[in-house]
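Residue numbers (the numbering used here), protein chains in the order written: chain A, 1 to 365; chain B, 1 to 365.
I should point out that these hints are in silico values taken from the structure, not numbers from a laboratory.
Treat each hint with caution, since some may be false.
Pairs of lysine to any residue residues, derived as SDA-like cross-links and limited to a Cα-Cα distance of at most 20 angstroms, are as follows [claimed, not checked]:
no., chain 1, residue 1, chain 2, residue 2
1, A, Lys323, B, Lys126
2, B, Lys170, B, Ser151
3, B, Lys279, B, Lys341
4, A, Lys235, A, Asp191
5, B, Lys341, B, Lys287
6, A, Lys126, B, His308
7, B, Lys126, A, Gly118
8, B, Lys287, B, Arg364
9, B, Lys126, A, Ala117
10, A, Lys126, B, Lys287
Away from chain B, derived, C-beta distances all over 12 angstroms, residues of chain A [said to hold, decoys possible]:
no., residue
11, Ala47
12, Gln82
13, Asp120
14, Val139
15, Pro149
16, Glu150
17, Glu203
18, Leu210
19, Val248
For each residue, glycine too, the CB sits at the ideal point set by N, CA and C.
Protein chains: 2
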Amino acid sequence: MATKRDTTSHEAFTMKGGEGQDSYAQNSDHQRTGANITKNIMREAMAEKLDLQTLLLQNSCNTFRIADLGCSVGPNTFFTVQNIIDSVKLKLSDQSHEGRRGLEYSLEFQVFFNDHAGNDFNTLLKSLPEDKQYFAAAVPGSFHGRLFPESSIHVFNSSYALHWLSKVPKEIVDKNSSAYNKGKIYFTSEDKKVIEAYSAQFERDIESFLNSRASELVPGGIVTFLIPSVPPNSKNRFEANANIIGNVLVDMVNKGVISEELVDSFNIPMYMPASEEVKSLIEKNGKFRIERSELLLRLFTEQLPDVHSACMHMRAVWEGIFKEHFGEELVDEIFNGYEKKLAESTFLLDPSFKTMGQLFVIKRT
Amino acid sequence: MATKRDTTSHEAFTMKGGEGQDSYAQNSDHQRTGANITKNIMREAMAEKLDLQTLLLQNSCNTFRIADLGCSVGPNTFFTVQNIIDSVKLKLSDQSHEGRRGLEYSLEFQVFFNDHAGNDFNTLLKSLPEDKQYFAAAVPGSFHGRLFPESSIHVFNSSYALHWLSKVPKEIVDKNSSAYNKGKIYFTSEDKKVIEAYSAQFERDIESFLNSRASELVPGGIVTFLIPSVPPNSKNRFEANANIIGNVLVDMVNKGVISEELVDSFNIPMYMPASEEVKSLIEKNGKFRIERSELLLRLFTEQLPDVHSACMHMRAVWEGIFKEHFGEELVDEIFNGYEKKLAESTFLLDPSFKTMGQLFVIKRT
Numbered sequence: 001m002a003t004k005r006d007t008t009s010h011e012a013f014t015m016k017g018g019e020g021q022d023s024y025a026q027n028s029d030h031q032r033t034g035a036n037i038t039k040n041i042m043r044e045a046m047a048e049k050l051d052l053q054t055l056l057l058q059n060s061c062n063t064f065r066i067a068d069l070g071c072s073v074g075p076n077t078f079f080t081v082q083n084i085i086d087s088v089k090l091k092l093s094d095q096s097h098e099g100r101r102g103l104e105y106s107l108e109f110q111v112f113f114n115d116h117a118g119n120d121f122n123t124l125l126k127s128l129p130e131d132k133q134y135f136a137a138a139v140p141g142s143f144h145g146r147l148f149p150e151s152s153i154h155v156f157n158s159s160y161a162l163h164w165l166s167k168v169p170k171e172i173v174d175k176n177s178s179a180y181n182k183g184k185i186y187f188t189s190e191d192k193k194v195i196e197a198y199s200a201q202f203e204r205d206i207e208s209f210l211n212s213r214a215s216e217l218v219p220g221g222i223v224t225f226l227i228p229s230v231p232p233n234s235k236n237r238f239e240a241n242a243n244i245i246g247n248v249l250v251d252m253v254n255k256g257v258i259s260e261e262l263v264d265s266f267n268i269p270m271y272m273p274a275s276e277e278v279k280s281l282i283e284k285n286g287k288f289r290i291e292r293s294e295l296l297l298r299l300f301t302e303q304l305p306d307v308h309s310a311c312m313h314m315r316a317v318w319e320g321i322f323k324e325h326f327g328e329e330l331v332d333e334i335f336n337g338y339e340k341k342l343a344e345s346t347f348l349l350d351p352s353f354k355t356m357g358q359l360f361v362i363k364r365t
Numbered sequence: 001m002a003t004k005r006d007t008t009s010h011e012a013f014t015m016k017g018g019e020g021q022d023s024y025a026q027n028s029d030h031q032r033t034g035a036n037i038t039k040n041i042m043r044e045a046m047a048e049k050l051d052l053q054t055l056l057l058q059n060s061c062n063t064f065r066i067a068d069l070g071c072s073v074g075p076n077t078f079f080t081v082q083n084i085i086d087s088v089k090l091k092l093s094d095q096s097h098e099g100r101r102g103l104e105y106s107l108e109f110q111v112f113f114n115d116h117a118g119n120d121f122n123t124l125l126k127s128l129p130e131d132k133q134y135f136a137a138a139v140p141g142s143f144h145g146r147l148f149p150e151s152s153i154h155v156f157n158s159s160y161a162l163h164w165l166s167k168v169p170k171e172i173v174d175k176n177s178s179a180y181n182k183g184k185i186y187f188t189s190e191d192k193k194v195i196e197a198y199s200a201q202f203e204r205d206i207e208s209f210l211n212s213r214a215s216e217l218v219p220g221g222i223v224t225f226l227i228p229s230v231p232p233n234s235k236n237r238f239e240a241n242a243n244i245i246g247n248v249l250v251d252m253v254n255k256g257v258i259s260e261e262l263v264d265s266f267n268i269p270m271y272m273p274a275s276e277e278v279k280s281l282i283e284k285n286g287k288f289r290i291e292r293s294e295l296l297l298r299l300f301t302e303q304l305p306d307v308h309s310a311c312m313h314m315r316a317v318w319e320g321i322f323k324e325h326f327g328e329e330l331v332d333e334i335f336n337g338y339e340k341k342l343a344e345s346t347f348l349l350d351p352s353f354k355t356m357g358q359l360f361v362i363k364r365t
């Protein structure tokens, strides 16, 4: 019977590295489609909201610094970063008739790729685009804390990363708490106390994320982020997925493969906020103005052609945390069970279940 | 018989990663002693030569940026970087009576760890000191070219890295060249044409290194580097070592284990300059003033307690390039042969053979 491992800290959770068939690099089309859809929106937002005069000219700064937070191993991060650079260059060339010609030729870009220290940075750094026109650096550490010197970054991006919590809320693994999440690895809409604990952890995490970015941003700099969220009047697709895996684990307890305690001590350190939730947290924080907020309605619904692909995608994202807690030898059994149950379920085809991408462009006030 | 691999580019050459018994991390005491010896010299040099007024206050800059070039996987790079930070802090607190109190509390440090893209950055980034008081980033790429934006770094360091050439000089692997280095993997003092080719490559590399750093340094910034060199009136210990391995390879050709062509196409992409050689190249380049130059006479002579340790050290440094060219399956045989021949040789005990560390502190003019 497998023994307990500590997976209550976010540090343990990283995407599957390398470039193999089951790697994140090969199973992140989902995220990439999101990047494509958001490309034009981000370009527009940059064109409208980036005040290059303030950002560069007044600071006599010749370097434009970009950071992608929760970048994983590529290639999506490379497309996103290139899109930001292209947007800045476009804006610069548009402005060059205003007497600022020259800067577009001398401006240099420095890009910081951030993820947890356990991320496969070797794969990331070996696969940097050969023709990249920027200086690249990898930055290890949690984006819930400070990662960069004060006033040093012009544009932050984070795609599909802010729904990872910094840790599992402690109440839900505390046997003496009314929010103790026994026999489950996530929650359903009935588990009010568990939902509250998740929501409160998400609030703390967003707060520390925003505070850190506010310190690190150059005045006038912006943060763009894409976070999965649940739109109004929808059921939570992510929750449905997580509970299917939870059922697989309960089956494994019943078969004596793993202990009950091992399942009780495991919870998914992710939270899909409701659409309005993120907005109100940004407003409550008060350090940023929301310049743009878009619910990308068609983002997810067209992206899961079949059960196997859906399963491969979830495995690429989740395999690391399951391996850490349950042991490598059980991962195949868990995800095979998941695929089987997913095939029997109808929620993938049920339009009332949704998890959408919500894109924010926020600017330091 | 093993087949030929391309090892003419520096990109292929990285230290043995991970933390195992044969890793660079476990076999770099040699380099670490160098770092300890140079610690006080660097502190003195910083105290005397760093003009923090120019570096920080005039640029209204609150971030001090340090880059270690050719950092490998640690831990030596962490000690070196900490020494630089401590030196800057010491100088700041010395200056605080001069009415600049406050900066020592608000100054933030950002440290860039650079090595080739093939370096084991995962090991490096996972082993960053837990109590580090700086923002860390890893930067992949050759320090013979540009790695950072213009005027962005305050102090560069490079320890035991500049003797790696960007590539094997092309003449010595060209059958039609008078510098063709047949049957050897390095040179002896008789091989004038080969020496010339190595020396010319080293000159080109130092030139491009200095030009890149001159662009990247903040005005008033400094570069410290420690390079192995051969002091006046000494025999070249590195050359002796390299030729012992060369003899092992020739033996393997005679036994039919590898082809003659495989040995002819392999050359060590390192060059130990004479003490005066680096100095004259810096002067010729003209972008830096030499503030300090120290031949660390006692650095290497006390550091090789026995043949096995000496062999393990060379293996940690060289294993990568031998594996790349000759194949993993032959590496044990090569280094076992090397250890055997080294035990039979007397040069380790011969005081006329030397390779010393030469420390330079140079400042952008």
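Now for the hints, and whether the structure bears them out:
1. In summary, the hint linking Lys323/A to Lys126/B is supported, as the alpha carbons are separated by about 19 angstroms, within the 20 angstroms threshold.
2. At most 20 angstroms may separate the alpha-carbon atoms for a hinted pair to count; Lys170/B and Ser151/B exceed this at roughly 33 angstroms.
3. Between Lys279/B and Lys341/B the alpha-carbon distance is near 35 angstroms, which puts this suggested pair outside the 20 angstroms criterion.
4. Using a Cα cut-off of 20 angstroms, the hinted pair Lys235/A and Asp191/A holds, with the two alpha carbons roughly 15 angstroms apart.
5. Between Lys341/B and Lys287/B, the direct Cα distance comes to roughly 44 angstroms. Violation of the 20 angstroms bound is thereby established for this hinted pair.
6. The suggested pairing of Lys126/A with His308/B is violated, with an alpha-carbon distance near 34 angstroms, which exceeds 20 angstroms.
7. For the proposed pair Lys126/B and Gly118/A, the alpha carbon gap of about 7 angstroms is at most 20 angstroms, so the pair holds.
8. Between Lys287/B and Arg364/B the alpha-carbon distance is near 6 angstroms, which keeps this suggested pair within the 20 angstroms criterion.
9. The hinted pair formed by Lys126/B and Ala117/A meets the criterion: a straight-line CA distance of about 6 angstroms does not exceed 20 angstroms.
10. Restraint check for Lys126/A and Lys287/B: not satisfied, since their Cα atoms lie roughly 32 angstroms apart, outside the 20 angstroms limit.
11. Residue placement check: Ala47/A keeps its beta carbon more than 12 angstroms from all beta carbons of chain B (closest about 24 angstroms).
12. Every CB of chain B is more than 12 angstroms from the CB of Gln82/A (nearest about 18 angstroms), matching its label as outside the interface.
13. The beta carbon of Asp120/A is not kept farther than 12 angstroms from every beta carbon of chain B, the shortest such distance being approximately 7 angstroms.
14. Non-interface call for Val139/A relative to chain B: violated, since the shortest CB-CB distance, roughly 5 angstroms, does not exceed 12 angstroms.
15. A beta-carbon of chain B comes within 12 angstroms of the beta-carbon of Pro149/A; the shortest separation is about 4 angstroms.
16. The claim that Glu150/A is not at the interface with chain B is violated, since a C-beta of that chain comes within 12 angstroms of its own (minimum 6 angstroms).
17. Listed as a non-interface residue, Glu203/A keeps its Cβ farther than 12 angstroms from every Cβ of chain B; the least gap is roughly 26 angstroms.
18. Listed as a non-interface residue, Leu210/A keeps its Cβ farther than 12 angstroms from every Cβ of chain B; the least gap is roughly 18 angstroms.
19. With 12 angstroms as the threshold on Cβ separation, the claim that Val248/A sits away from chain B holds: the shortest Cβ distance comes to roughly 31 angstroms.
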